[in-house]
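In case you want the letters, here they are:
There are 4 protein chains.
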Amino acid sequence: MTDPENLVAQVREGDLRLHELEDHADADTAATARRLLIERETDTDLETIGDYTFPAEQAEPNIENMIGAAQIPMGVVGPVAVDGGAANGEHYLPLATTEGALLASVNRGLSVIDAASGADARVTKNGMTRAPVFRVAGVAEAAETVEWVTDNVEALREAAESTTSHGELIDIEPYVVGDSVYLRFAYDTKDAMGMNMATIATGEACAVVESETPASLVALSGNLCSDKKPAAINAVEGRGRSVTADVLIPGELVEQRLHTTADAIAEANTRKNLTGSAKAGSLGFNAHAANVVAAAFLATGQDEAQVVEAANTITTMDAREREDGTTDLYASVSLASLEVGTVGGGTKLPTQAEALEVLGLRGGGEPAGSNADALAEIIAVGALAGELSLLAALASRHLASAHEDLGR
Amino acid sequence: MTDPENLVAQVREGDLRLHELEDHADADTAATARRLLIERETDTDLETIGDYTFPAEQAEPNIENMIGAAQIPMGVVGPVAVDGGAANGEHYLPLATTEGALLASVNRGLSVIDAASGADARVTKNGMTRAPVFRVAGVAEAAETVEWVTDNVEALREAAESTTSHGELIDIEPYVVGDSVYLRFAYDTKDAMGMNMATIATGEACAVVESETPASLVALSGNLCSDKKPAAINAVEGRGRSVTADVLIPGELVEQRLHTTADAIAEANTRKNLTGSAKAGSLGFNAHAANVVAAAFLATGQDEAQVVEAANTITTMDAREREDGTTDLYASVSLASLEVGTVGGGTKLPTQAEALEVLGLRGGGEPAGSNADALAEIIAVGALAGELSLLAALASRHLASAHEDLGR
Amino acid sequence: MTDPENLVAQVREGDLRLHELEDHADADTAATARRLLIERETDTDLETIGDYTFPAEQAEPNIENMIGAAQIPMGVVGPVAVDGGAANGEHYLPLATTEGALLASVNRGLSVIDAASGADARVTKNGMTRAPVFRVAGVAEAAETVEWVTDNVEALREAAESTTSHGELIDIEPYVVGDSVYLRFAYDTKDAMGMNMATIATGEACAVVESETPASLVALSGNLCSDKKPAAINAVEGRGRSVTADVLIPGELVEQRLHTTADAIAEANTRKNLTGSAKAGSLGFNAHAANVVAAAFLATGQDEAQVVEAANTITTMDAREREDGTTDLYASVSLASLEVGTVGGGTKLPTQAEALEVLGLRGGGEPAGSNADALAEIIAVGALAGELSLLAALASRHLASAHEDLGR
Amino acid sequence: MTDPENLVAQVREGDLRLHELEDHADADTAATARRLLIERETDTDLETIGDYTFPAEQAEPNIENMIGAAQIPMGVVGPVAVDGGAANGEHYLPLATTEGALLASVNRGLSVIDAASGADARVTKNGMTRAPVFRVAGVAEAAETVEWVTDNVEALREAAESTTSHGELIDIEPYVVGDSVYLRFAYDTKDAMGMNMATIATGEACAVVESETPASLVALSGNLCSDKKPAAINAVEGRGRSVTADVLIPGELVEQRLHTTADAIAEANTRKNLTGSAKAGSLGFNAHAANVVAAAFLATGQDEAQVVEAANTITTMDAREREDGTTDLYASVSLASLEVGTVGGGTKLPTQAEALEVLGLRGGGEPAGSNADALAEIIAVGALAGELSLLAALASRHLASAHEDLGR
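Chains as they are written, first to last, in the UniProt record's numbering: chain A, 1 to 408; chain B, 1 to 408; chain C, 1 to 408; chain D, 1 to 408.
Zero decoy hints are in this set.
Straight-line C-alpha distance at most 20 Å; calculated SDA-like pairs for lysine to any residue:
(1) K125(D) <-> E173(B)
(2) K125(C) <-> I172(A)
(3) K125(C) <-> E147(A)
FYI, nobody ran anything at the bench for these hints, they're computed from the structure.
Just so it is clear, the structure is predicted and the values come from calculations on it, not from any experiment.
Please construct the entire structure, taking both the sequences and the accompanying hints into account.
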């Protein structure tokens with residue numbers, strides 16, 4: 001029965017469906033059988049996909065219809081000193097990507113930051129959100145519902161928190177659009193990214209809203225959460241961690257290591273990341289923060305689709321004149337909605353768990369939430385390094401051509 | 001010399017730097033040495049990260065400072081019939097993710113689409129963009145520069161296309177903000193995602209602009225491209241492939257397989273994906289298209305950071321009454337800026353190349369560009385399935401509670 | 001001395017400057033002299049501009065360098081029954097505009113609303129905002145400043161409210177971007193639109209922030225207010241009044257008076273106001289709410305430049321089936337940031353004050369704030385009427401052509 | 001019959017409706033009767049509204065249900081030298097507003113600009129747009145329709161231009177969202193703002209699309225135009241005139257007249273107008289451009305509701321070091337979608353026509369379009385002056401407090 005060929009035969013004869021194999025065999029055998037089937041139906045050889053090196057059973061919470069694994073090259077950048085609210089000391093950051101030159105660039109940035117005695121970083125806000133949408137008869141009922149919710153936050157808190165041992169309700173923000181009422185629940189989910197926790201807790205609270213008000217639940221997510229979409233509500237109000245990181249780099253270091261000046265970098269940042277993004281109607285005012293966020297997410301088992309909003313970043317670069325006439329570079333990144341966790345989801349998978357170990361952040365922190373805070377701060381410093389390195393490259397190329405201009 | 005311990009010793013003694021190992025050993029040995037170092041410095045065991053199963057040399061174009069690989073579970077969904085401009089017939093879609101339930105959900109959607117005789121899909125626009133920013137003295141010079149560019153597109157085309165055997169310049173769109181001039185170059189890059197091609201070609205054209213006009217290049221990317229940021233310019237004008245997919249599902253099928261009605265699904269879509277996203281100030285009018293885009297990108301070796309804009313999707317769901325009184329569900333997704341390729345970048349890596357083989361789309365298409373078009377169309381159908389399945393789940397839960405309401 | 005020709009001569013001789021005339025003559029004489037000067041310098045005849053019919057002195061708080069007045073045609077629409085949180089009963093709405101057909105269209109909509117027994121309306125949020133920006137050394141100081149502010153809201157409230165007899169501080173929301181800290185102060189400004197009140201109060205609070213934290217004020221407005229710019233922060237969080245209005249129109253009335261069906265109107269609204277606006281990257285999901293807002297603002301002395309954000313509106317239209325098989329039309333508008341007042345600013349000017357009298361809303365309300373609430377609700381109903389009328393016109397044209405289609 | 005009291009009586013008896021008065025009396029008598037009725041029904045005295053000084057008949061194309069006029073104070077700022085593509089020489093700009101201090105502020109800015117030998121200005125793009133939305137069966141028909149349109153632009157041009165003696169079709173840009181096809185028509189409407197011209201011409205072209213493709217027109221405006229909504233499509237692609245203006249102000253002048261420095265102004269601009277607007281999710285990157293646009297629109301008879309998108313402005317301020325060590329201020333504004341005309345609409349009304357005379361721009365230009373171009377350029381210079389003056393005020397206040405800081 002648990003022989004892959006046997007399973008293949010059963011699927012071919014219509015006795016089994018492709019997603020039912022795990023009901024009849026262990027996870028690895030099921031994956032093998034499924035791979036065989038796909039190989040035969042598509043006339044392919046999936047040897048390397050099948051050459052994964054963890055027990056398939058470990059991935060059962062993470063995937064269905066498994067045939068194997070994608071292997072994404074992983075490297076490491078750093079070390080860099082981070083002076084954060086939660087992170088402290090020297091850290092290596094593992095990154096998984098297929099984009100050549102990315103790690104080299106981030107590494108160069110980190111090395112300059114380290115030489116400038118490290119970066120500061122702070123989580124300035126924290127809250128995982130879920131925003132159900134309710135139907136009401138009209139604006140009068142909407143106002144009535146909002147009033148009830150505002151007056152009964154404690155009852156809703158009790159319902160929501162009854163579903164979780166860790167999560168805490170922070171706030172419920174109501175929004176009305178005609179006969180739709182949206183309630184944006186925000187939770188402190190500690191070291192978990194917390195989407196599931198927030199969804200389950202909110203579901204329980206919704207039952208109370210439905211029983212006590214005229215409102216009927218239409219969808220447990222009404223897109224004001226807003227999950228996996230680039231939305232201003234996240235950019236403004238935050239989701240997951242709002243985190244900032246910055247560094248002050250002595251002018252000498254800018255010249256020696258980045259081969260340009262603070263003024264040239266600041267100009268490139270203003271024309272590209274501020275004015276250019278403004279003209280583009282962008283929600284992202286940065287050069288390539290998504291590169292670092294995506295690669296860190298992949299390495300550490302975060303939700304890859306959340307890169308969409310997690311990469312939301314404003315980068316600032318300023319030339320600061322010192323009293324001695326030299327000019328330092330002030331550089332910062334501010335990520336509004338970085339959703340990260342060190343427990344749950346993909347963080348338990350073997351390679352991802354090891355990457356979190358490299359950071360010293362695997363599992364729950366002490367106090368609770370501090371590991372996820374630290375992860376957010378270190379990713380922010382990585383993004384800062386990436387911005388610094390790319391803008392310096394642009395500016396130094398420009399300086400070179402400016403020098404040529406003078407030679408005309 | 002090529003012994004890992006030897007390399008470790010040299011780094012420890014300061015004779016080598018962490019990123020220089022590949023200069024002194026083969027790629028696998030260098031990765032091993034680097035892993036050893038990180039293990040010792042962070043007091044960790046990186047056994048599974050080191051247990052990658054491809055020659056490290058193959059990943060050299062994709063990563064620096066390699067220590068191993070992240071293994072992301074990969075599964076498969078489908079098959080589904082796609083009637084596209086480029087894709088045709090039944091396809092399996094490989095997806096790599098750590099998000100449990102995702103493949104089950106997409107698979108359910110695909111199965112309903114298939115039962116409804118498949119989805120239509122079309123690439124409606126194609127163009128990889130790069131938008132440098134130039135400095136001019138002021139608006140008078142800006143107008144002068146724009147005029148020169150408009151009058152000399154052919155000269156710029158010649159310069160740009162001199163750098164590439166495949167890419168073709170489609171258009172140059174100028175934008176002026178004070179003393180900054182942005183030129184958005186769009187290219188047909190065929191089966192390559194094409195960022196590098198577009199960047200190199202644009203660099204060559206910029207040299208011409210600089211020599212013939214008063215404009216000085218500040219940055220080869222001025223963020224009107226817009227790469228790896230969620231920007232309205234991409235949502236409106238497209239980047240990579242603009243692709244749409246849709247399906248008409250008979251009412252009977254909606255009831256039997258999705259346990260709800262077209263009206264209930266359409267209501268959930270309107271309140272959540274349209275009105276909710278509108279209120280959220282979102283650039284994404286969908287439920288979770290990013291999940292499918294991210295998982296397909298990971299499986300097939302696309303640039304994971306581009307999920308940010310590639311997931312830009314408007315989902316529509318409508319109830320269409322038939323003459324016989326029954327009501328069908330019309331469902332569509334429109335992705336504005338899906339950047340995909342079947343050659344170059346991460347597509348060459350072993351597991352990723354195999355995933356493209358499953359799709360029958362590895363390498364260049366015939367005619368050129370048709371493989372990338374087909375990949376875009378199939379990903380769009382996958383996203384359609386994900387939207388359908390999730391909205392149906394929301395709507396059926398709602399229907400259930402609506403039935404309870406009636407019983408009050 | 002107070003003779004206009006005398007003043008003209010002095011300006012011509014360089015003894016007086018154009019804006020200093022009021023220092024040497026009464027307001028009307030100064031305006032006359034200034035008009036004479038402009039007439040001579042531009043070779044024009046400004047007879048009608050000079051033919052204003054109020055004492056120029058009355059306009060001194062509203063304008064400098066006065067030469068006369070623009071006369072904008074004013075009409076009236078209604079009456080319409082409004083069942084609001086503040087507004088109640090039948091109301092006429094005065095509108096000033098130069099756009100032909102606007103009043104006819106709004107009037108048609110109001111007449112249908114009235115026949116459907118009137119509209120409901122509710123102010124769901126109220127708060128005039130001002131958001132100064134401070135400079136700090138970096139993210140560490142930023143976090144420190146935010147913490148101080150969060151812990152000292154009462155001290156800031158005291159400072160802020162010391163400047164005003166009416167205004168009350170509702171909330172202070174902090175935002176950090178690198179070395180910039182933004183504090184968004186929200187006030188209940190009662191029947192005043194309240195920008196000046198909010199600015200003065202915030203200025204006083206800023207002095208406290210500067211004295212107690214390392215933060216230095218850069219600008220009293222840091223654009224997170226956000227005044228006279230279309231910003232998602234207002235669309236999401238509101239500014240001035242957030243107000244909604246709706247109506248349920250029996251199907252029979254839709255057919256008889258609007259010559260179309262609820263389904264056709266709902267379709268036009270979805271494709272145009274929701275999907276079309278989504279694709280356009282818009283912050284406005286409506287047809288022409290700005291027309292009504294601008295015309296009501298002009299008539300009642302509101303700040304015309306605030307139309308930019310005051311017109312921010314989501315319009316929804318749904319077909320609601322009744323048990324008897326007929327289909328009603330549910331229509332709503334939700335304006336996120338309608339800044340209105342019934343005291344101060346342009347509301348004191350003669351024609352504007354009379355327009356407020358027509359509404360029964362001139363001056364302070366009882367309780368305080370209720371007049372401005374009622375004005376917001378009535379403008380919302382006007383906007384609802386405009387949306388209804390235009391969408392019905394589009395839908396009926398479409399129905400007509402649909403009928404022709406059937407005849408093919 | 002034409003006696004106002006007689007008309008009032010007829011309305012009261014139900015023999016006439018409020019909007020039918022003009023059918024039974026001349027425009028002034030009708031307005032008088034309507035005013036009497038409103039006065040009696042609302043127990044008010046509308047003396048000043050009724051004290052308008054133009055023949056009511058002149059306003060018939062602009063308003064229905066007229067009761068009189070709103071009188072808005074009008075002043076004048078300038079003169080300022082403008083070196084534009086169309087505007088040239090010294091200009092006074094009339095502004096109508098109720099916002100005290102606005103004209104004083106703009107006037108100060110213009111005076112500094114004039115002292116710096118004036119501003120440059122350029123219209124960089126011109127096109128009035130209208131974007132109908134069509135329904136198709138699905139994405140296959142959508143692709144088919146877009147292909148037909150792309151191949152038949154000349155046929156559509158012929159149809160569109162058959163309706164107008166002045167307007168010229170520039171371009172048709174197609175957009176697909178599922179089963180909706182949007183076609184964005186852009187026209188050169190010369191000296192007219194051109195909305196009506198564009199609408200009528202597009203209507204004619206739509207008939208051709210409907211007869212030659214499977215597409216059915218749902219609405220003549222599908223919101224990708226986008227009229228009277230703040231939309232990225234306008235910010236990116238323009239609507240009406242895209243216009244920029246700038247000035248280079250010697251450092252000495254900045255100090256003497258603005259009491260601050262180029263560096264301080266640039267800092268305020270970056271933190272407020274760029275970074276602050278970025279964080280606010282704004283489509284407006286300026287301080288208060290809407291103030292000048294709204295006031296100029298009111299004075300010159302433009303469409304007041306279009307201020308919503310016409311005020312879309314990016315303001316840049318940079319400190320430019322000179323070789324002699326002093327620092328100049330470079331200031332610019334770029335308005336993406338300024339819809340203006342010098343013929344048609346409200347421009348014919350008496351006070352508005354006189355205001356255009358002050359500018360020397362009443363009626364059609366020579367060549368056609370040059371008057372509207374010049375008006376756009378002068379309004380842009382006015383907006384530049386407003387930005388300059390407000391940012392200088394913020395910066396000088398800041399400098400003052402910075403000086404105090406030093407004294408601590």
